[in-house]
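A.B. asks: Residues per chain, in single letters:
Protein chains: 2
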Amino acid sequence: MFPPIQDPEIWHRGDEQLIGIAAYAKAQMTDKRWRHTQGVVVAAHVLAHRHGADVRKATIAAYVHDVAKCWSLEQMRARIAAHDAHDPILDAPPSLWHAHAGALAVHCDVPSVDEDIVNAVKYHTSGRVGMGLLEKVVCVADYIEPGRHFEGVDQIRSEALHSLDRALLLGLSHTIRSLLAEHKHIYEQTVRSRNDMLRIVYPG
Amino acid sequence: MFPPIQDPEIWHRGDEQLIGIAAYAKAQMTDKRWRHTQGVVVAAHVLAHRHGADVRKATIAAYVHDVAKCWSLEQMRARIAAHDAHDPILDAPPSLWHAHAGALAVHCDVPSVDEDIVNAVKYHTSGRVGMGLLEKVVCVADYIEPGRHFEGVDQIRSEALHSLDRALLLGLSHTIRSLLAEHKHIYEQTVRSRNDMLRIVYPG
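Protein chains in written order, with our numbering: chain A, 583 to 786; chain B, 583 to 786.
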């Protein structure tokens, strides 16, 4: 399904904005997280093209979606609290903080990004009720990038080519099932997003 | 684990209050629902005794926990809306209405019941954050009564003898897993209750 992962400087030769954004993201990540990011970029590119989303925005959002993932928890908390000390995300499991902290960082650090991209970063882990097309593209790309190897991922890959909503329903359901099996907290927003997809995929 | 199910008039001979409450519940149910109710009464009796809950209150709550289950959806909705037209339960799946409608009915129709019993009826399906002992007894009894035959029920039965919290964590997790598999809406309160049990069972 996906072409081989390439270096941004080769893939985007001559496009200083994309090369700059890729370098901005890479500088804040481990090598492993960068390889995952490259996978999400390729998957988001394919999905955006397939489903009529803005391919450039999808590429940018994919590069920066995990920009805060390798920060310390303290760094994430401080970033979120500086913006809003009462942000309810701070009561959610810390595994979700990176998406919100990353969205705040991207909004400040990369002036050329718009609200769609910021929201795609902010909701890439939990989803939300009423997700936009770009948000769906990045969220699904994060589930199916070539480096993912969980049970059921191939079914999500194959659904993703036809329906982002069905792919998201499968992906979010997989997340909830995994959290149950691993005895971890289930974030309510993940459940609301999954219920919203259920309503869209199986209306009435 | 459970003694054979008996007729309330035999089991509670001479106890007009219990016989009356059993008859009140039975009169509003199908035979199948009544057999389930008798199972929950026996299970709640055993669990209450085992975990130091009020055995009489547990018995009463078990008799009436499904008192509204065989009502029409319209009857449930009308009962809830008459009490509070904006009750958020009316936005939840109708499969949850019977617990709230039943709690309202029991509160009005059976003057001898107290708040603990009403809450045990109200939260017997979804649970809630900060459940009381009687609520846990009835909720677990509903999962493990002798007529239940789902995958994993024996593990819940065996946990229930040692820890209501562990049994509830298993039971609520089973409910969420089933709703995922059956492509049904997951009520957020069920997730909140499960997360609360997770916090209690695996603190820190």
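These aren't lab readings, by the way, just hints derived from the structure by calculation. Check before you lean on any hint, since a few could be wrong.
Which copy is meant is left open, because identical chains are indistinguishable; a pair holds if it fits in one copy or across any two.
[Claimed, not checked] The calculated DMTMM-like cross-link candidates involving lysine to aspartate or glutamate, where the alpha carbons are at most 20 Å apart (straight line), are:
hint, residue 1, residue 2
1, Lys-614, Asp-636
2, Lys-614, Asp-778
3, Lys-614, Asp-696
4, Lys-639, Glu-764
5, Lys-608, Glu-741
6, Lys-639, Asp-589
7, Lys-639, Glu-741
8, Lys-639, Asp-613
9, Lys-766, Asp-747
10, Lys-608, Glu-770
11, Lys-766, Glu-591
12, Lys-766, Asp-696
13, Lys-766, Asp-778
A.B. asks: Please go over all the hints and tell whether each is borne out by the structure.
C.D. replies: Status of the hints after comparison with the structure:
Within a single copy, Lys-614 and Asp-636 get their C-alpha atoms no closer than 27 Å, and across copies no closer than 56 Å, so neither meets the 20 Å cut-off. Proximity of Lys-614 to Asp-778 under the C-alpha cut-off of 20 Å is found in neither arrangement, the shortest distances being 32 Å within a copy and 34 Å between copies. In this homomeric assembly, Lys-614 and Asp-696 never come within 20 Å of each other (Cα to Cα): the closest approach is 27 Å inside a single copy and 58 Å across copies. With identical chains, the CA atoms of Lys-639 and Glu-764 are never at most 20 Å apart, being 34 Å at best within one copy and 36 Å at best between copies.
Proximity of Lys-608 and Glu-741 under a CA criterion of 20 Å is satisfied in neither setting, with 30 Å inside one chain copy and 48 Å between copies. For the identical chains of this complex, Lys-639 and Asp-589 are intra-copy neighbours only, at 18 Å inside a copy versus 68 Å across copies, given an alpha-carbon limit of 20 Å. For a Cα distance limit of 20 Å, the shortest separation of Lys-639 from Glu-741 qualifies neither inside one copy, at 22 Å, nor across copies, at 51 Å. With identical chains, the CA atoms of Lys-639 and Asp-613 are never at most 20 Å apart, being 23 Å at best within one copy and 60 Å at best between copies.
Taking the shortest Cα distances, Lys-766 and Asp-747 sit within 20 Å of each other only across copies (16 Å), while inside one copy they are farther apart (25 Å). In this homomeric assembly, Lys-608 and Glu-770 never come within 20 Å of each other (Cα to Cα): the closest approach is 31 Å inside a single copy and 37 Å across copies. Proximity of Lys-766 to Glu-591 under the C-alpha cut-off of 20 Å is found in neither arrangement, the shortest distances being 39 Å within a copy and 46 Å between copies. In this homomeric assembly, Lys-766 and Asp-696 never come within 20 Å of each other (Cα to Cα): the closest approach is 34 Å inside a single copy and 35 Å across copies.
In this homomeric assembly, Lys-766 and Asp-778 come within 20 Å of each other (Cα to Cα) only across copies, at 11 Å, whereas the closest approach inside a single copy is 22 Å.
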